[in-house]
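Asker: Okay, here's what each chain looks like letter by letter:
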Amino acid sequence: MENTVINVENVKMKFNLSKEKTDNLKEYVIKFIKRELHYDPFWALKGVSFEVERGDKFGIVGLNGAGKSTILKIISGVMKPTEGNIQVKGSMVPLLEMGAGFDPDYTGRENIFLKGALLGYNRRFLEEKFDEIVEFSELEEFIDVPLKNYSSGMKARLAFSIATMVEPEILILDEVLSVGDAKFQQKSREKMNSLLNEDATVLFVSHSTYQVKTICNKAIWLHQGELIAEGSAEEVCDLYDKWINEES
Amino acid sequence: MAGNITGHRFLYNFRKYKFLLYQLVSRDIKIKYRKSVLGIFWSFLEPLLTMIVLTIVFSTLFARFGVENYPIYLLTGRLIFTFFSGATTAAMKSIRGSAGIFKTVYVPKYIYPLSAILSNFVTFLLSLVVLFLVMTATNAPFTIYIIFTSLPILALLFFTIGVGLIVATVNVFFRDLEHLYGVLMTLLMYATPIFYPADIVPESFRFIQDYNPIYAVIECCRSVFLYGKIYDPYQLLFALVSAVVAMIIGLALFYKYQDKFVLKV
Chain C
0 MENTVINVEN VKMKFNLSKE KTDNLKEYVI KFIKRELHYD PFWALKGVSF
50 EVERGDKFGI VGLNGAGKST ILKIISGVMK PTEGNIQVKG SMVPLLEMGA
100 GFDPDYTGRE NIFLKGALLG YNRRFLEEKF DEIVEFSELE EFIDVPLKNY
150 SSGMKARLAF SIATMVEPEI LILDEVLSVG DAKFQQKSRE KMNSLLNEDA
200 TVLFVSHSTY QVKTICNKAI WLHQGELIAE GSAEEVCDLY DKWINEES
Chain L
0 MAGNITGHRF LYNFRKYKFL LYQLVSRDIK IKYRKSVLGI FWSFLEPLLT
50 MIVLTIVFST LFARFGVENY PIYLLTGRLI FTFFSGATTA AMKSIRGSAG
100 IFKTVYVPKY IYPLSAILSN FVTFLLSLVV LFLVMTATNA PFTIYIIFTS
150 LPILALLFFT IGVGLIVATV NVFFRDLEHL YGVLMTLLMY ATPIFYPADI
200 VPESFRFIQD YNPIYAVIEC CRSVFLYGKI YDPYQLLFAL VSAVVAMIIG
250 LALFYKYQDK FVLKV
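Residue numbers (numbering that gives the first Met the number 0), protein chains in the order written: chain C, 0 to 247; chain L, 0 to 264.
Honestly, the hints are just simulated from the structure, not real lab data.
We put the beta carbon where it would ideally sit given N, CA and C, even for glycine.
Hints are not guaranteed to be accurate.
[Claimed, not checked] Here are some chain L residues pointing at chain C (derived, C-beta under 7 angstroms): (1) 15; (2) 18; (3) 19; (4) 99; (5) 103; (6) 258.
In isolation and in its complexed conformation, chain C is listed as follows (with noise of 0.2 angstroms):
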């Protein structure tokens, strides 16, 4: 147990899916009045448990719908779970979207450290990173410059540099990450390896099995927010496998 980093204790999440989205008071009101206030539950997990344990590299595989990135977003915190607990120990780094948080009217230079600041990283960290950040998105010329300025292969190549800058003991992916152009690509996908090769607890979301094969250890398959199988990532990969073929 002293090596469980990340524990999912049977949770549950239950989104309220109403045909039109009630955001005014008017609308409230008349359908509160009207008793027409009923919503469609959703529950995109039905009570999923699983335990990850230091150093694991984790996949989770499924369909589209199955739930993946509702754990994912579960787990980084930011939703809480309906019902279930979930307990993580250790500084996580969520590479999710990771355009979110520049601003525009900033230039690459400010953009770092509010970036920085938003995956909650202080002053002093990101000033001794600042340099090494600049070099590895090869922005060196634009860094004083408007991110709006920017093409967006260059706002990726910076996002990505940020993002991966730092060493986390637990690193979530939504599918394998690698941006720019061709020179760029094979320097990020470098990057992702060494950061996949060394002792850091990795949770990984795909739809490709291979890569899930080629990357993890153990694997979780989720359908329709159940845990359908769980063990080690050839498995659980090649009963999925089996299942799709079968299905289609």
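For this one, chain C is given, so just place chain L on it according to the hints.
Answerer: Chain L only, in chain C's frame:
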């Protein structure tokens, strides 16, 4: 999760995200003035110019009612009211405005309304320089009591944070507030003696002044800046009590509903 560590986690979070708070506040201020030639000077210039305009329009009209130093009278009221209305409006919009971020990264949510309010507070403090300049120009009394205005101003800050948390929460669920709030602020502005003397309000409507925490703060500051006298302690007490009440309601409401923000925005 265990409730007894909540307090501890709050402190831990605050230390961890102190730098983020600083970043967001300085971002707001920098971006606001970035493209303008005069930059940060606008935070001095804007209240000064407005004061001149309103003084030209109203000073002779209200001189009959015995307002001695109309520029100071006006400036004190306007700076305080502008801070309150600007800060709460920014706080109200802050949660929806930063939805893209807290849908992907965990950040304590109070950071957004708090940073919006604090950046307005910094602008407010800067604009006090204008007040002191105009006080010098109009030979207003500089007394030791100026130091004591920090108490009502602190009460105003906490009152604003409390109200800001309330409107930020409500606006997530009822977006109508965004449209309604401007009207409410206009109403409040006219109900508060900012550019007109308090005495011209009929006796039967005086309760609007008596139960208005913002006006209590304005009154406190006016006695010091305008007359060089210490303010009525009961007015300060009223402002402080209002601040505490607003903070309690604001925090309770915000903490009760903050987990639902991500599902609603």
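Asker: Should the hint that residue 103 of chain L touches chain C count as held when the rule is a Cβ pair under 7 angstroms?
Answerer: 5 angstroms, holds
Asker: Does residue 18 of chain L pass the interface check with chain C, least Cβ-Cβ distance below 7 angstroms?
Answerer: 5 angstroms, holds
Asker: Taking the closest Cβ pair, is residue 15 of chain L under 7 angstroms from chain C?
Answerer: At about 5 angstroms, which falls below the 7 angstroms cut-off, the nearest Cβ of chain C leaves the hint on residue 15 of chain L intact, so it holds.
Asker: Does the nearest C-beta of chain C fall within a distance shorter than 7 angstroms of the C-beta of residue 99 of chain L?
Answerer: Cβ of residue 99 of chain L sits 5 angstroms from chain C, so the hint holds.
Asker: Against chain C, with CB atoms and a cut of 7 angstroms, does the hint on residue 258 of chain L hold up?
Answerer: Holds: closest Cβ of chain C sits about 4 angstroms from residue 258 of chain L, inside 7 angstroms.
Asker: Was the hint right that residue 19 of chain L lines chain C, CB cutoff 7 angstroms?
Answerer: Holds, about 4 angstroms.
Violation of the numbered hints given earlier is absent; every hint is satisfied by the structure.
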